[in-house]
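Engineer: Generate coordinates for the entire structure from the input sequences, incorporating the hints supplied.
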Amino acid sequence: MKSIQNIKILTLTAAIALSALSCTNLGDDMTNNPTPIDFSGTYSQEDQMGRPAVNTVFTSGENKDLFNVTIPSEQNAAFQSMFQTNLEALSPAYSQPGDQNALGLDAAAFTGVLATDVLNVSLDGTTTFYDGTNVLTGRALNDDVITVELLLIFGGEDFTENPGLSDDHVDMNDKAFLTSFPYLASPW
Amino acid sequence: MKKFKILIGLGITAVAGFFMVAADHIDAPAVQGGSSDITDFYAFQGENTSNLVFVANVQGLLSPAKTGDAAFDENVMVEFNIDNTGDNIEDLVIQAIPRDGKMYFFGPVAPSQTGLNSVIENTATNAGVVAITPYGSEAIVSSYGGMQFFAGPRDDPFFMDFARYSEIIGGMASSFNNPGSDTFAGTNVMSIVVEVPKAMIGGSGTINTWVESKRK
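Note that the protein sequences, when read in sequence, are chains A and B.
The first sequence begins at 1 in full-length UniProt numbering and counts up one residue at a time.
The second sequence begins at 1 in full-length UniProt numbering and counts up one residue at a time.
No false leads were mixed into what you were given.
Taking lysine to any residue and the SDA-like style, the derived pairs with C-alpha atoms no more than 20 Å apart in a straight line are:
(1) K66/B x S137/B
(2) K102/B x I132/B
(3) K102/B x I140/B
(4) K175/A x E47/B
(5) K216/B x V69/A
(6) K175/A x Y135/B
(7) K102/B x T123/B
(8) K64/A x M82/A
(9) K216/B x E74/B
(10) K175/A x P179/B
(11) K66/B x W188/A
(12) K66/B x G33/B
(13) K64/A x I26/B
(14) K216/B x D65/A
(15) K64/A x G115/B
(16) K216/B x D38/A
(17) K175/A x L61/B
(18) K175/A x G136/B
(19) K64/A x A30/B
Here are a few chain A residues that face chain B, going by a calculated C-beta distance under 8 Å:
(20) Q45
(21) M49
(22) P52
(23) D65
(24) D167
(25) M172
(26) N173
(27) F181
Honestly, the hints are just simulated from the structure, not real lab data.
Note that the Cβ used here is the ideal one computed from N, Cα and C, for glycine as well.
Structural biologist: If you want it as structure tokens, here you go:
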């Protein structure tokens with residue numbers, strides 16, 4: 001709870017330090033191309049995503065497309081109420097006054113975080129969805145995000161409620177990730 | 001438990017059958033199964049801890065037999081959005097757009113317009129290009145100005161017992177199995193990976209970030 005509140009409260013005044021790199025080899029690549037590459041036109045949004053599974057789990061069917069074309073700064077006003085209704089239906093304990101998850105968030109507060117579907121990422125250290133200590137400081141490849149979300153939905157104040165629903169018992173990927181770029185495992 | 005089953009009425013898995021919706025795979029009718037369908041988004045500190053890595057995956061659930069034919073759509077731009085002022089409006093974008101077997105990257109750059117409609121910021125100072133790795137080849141990567149780039153098929157890094165989740169939501173099961181079964185095992189996605197110096201996106205503090213697919 002504290003971490004999430006801190007993240008929300010944070011006033012970020014980081015200076016945008018766009019590095020003053022001059023031309024890269026990209027310029028050569030483009031100018032050597034016999035026909036100029038056409039990058040013209042307007043590109044219109046079709047899908048978007050911040051945190052895993054948010055649109056899938058919390059948006060009612062008829063609104064899933066709308067969620068994908070609502071900019072994040074307008075998502076809370078448009079969807080928080082729906083998210084809360086759906087959360088309370090999915091995990092009825094949340095509909096009791098005062099009921100909270102292990103982050104200390106009640107239904108309104110939890111869905112208030114989720115409805116703005118952006119991933120909060122720390123530039124100062126550990127980046128993880130949740131590792132037992134750090135909360136919402138990024139999303140690493142091996143983070144068990146589904147179990148984290150199931151625990152926050154079903155696990156109650158101390159992660160002990162509804163044990164049959166709060167862990168899918170798939171704890172890692174089917175291929176090992178790489179320690180170096182591009183990090184993702186080769187395809188099957 | 002009763003209310004858990006009521007979910008069906010909420011339309012989460014509205015139609016009978018096996019709905020493959022997970023992290024963001026096939027999350028909504030307009031995009032599901034198409035070239036703009038984002039399956040997942042990751043952002044994490046790089047091997048070089050001065051860098052941050054962004055990963056966007058599209059076109060999920062590719063079987064090995066289908067992966068060789070999968071391709072990025074030249075009409076679909078994938079855009080990483082970075083808000084470093086706390087208002088959930090993008091201050092910087094990194095755009096990825098394929099042309100003729102290569103993926104071009106523009107940014108981090110302040111976009112000329114924010115929101116649902118974008119133009120390609122192809123005059124950005126920060127830019128790069130990488131050959132799209134063919135299926136079956138070693139990963140082709142490139143570096144420009146301290147950034148690294150990759151585009152091509154990879155194993156889907158997402159893992160979940162989605163089949164059992166669907167059974168629970170559908171009222172056909174009351175709990176997960178232990179051990180569970182990874183519904184995404186053995187499937188591939190089309191991946192875009194870009195690693196950038198943190199100094200290019202704010203340097204320190206917390207950013208809010210999300211990924212979008214946009215079609216011309």
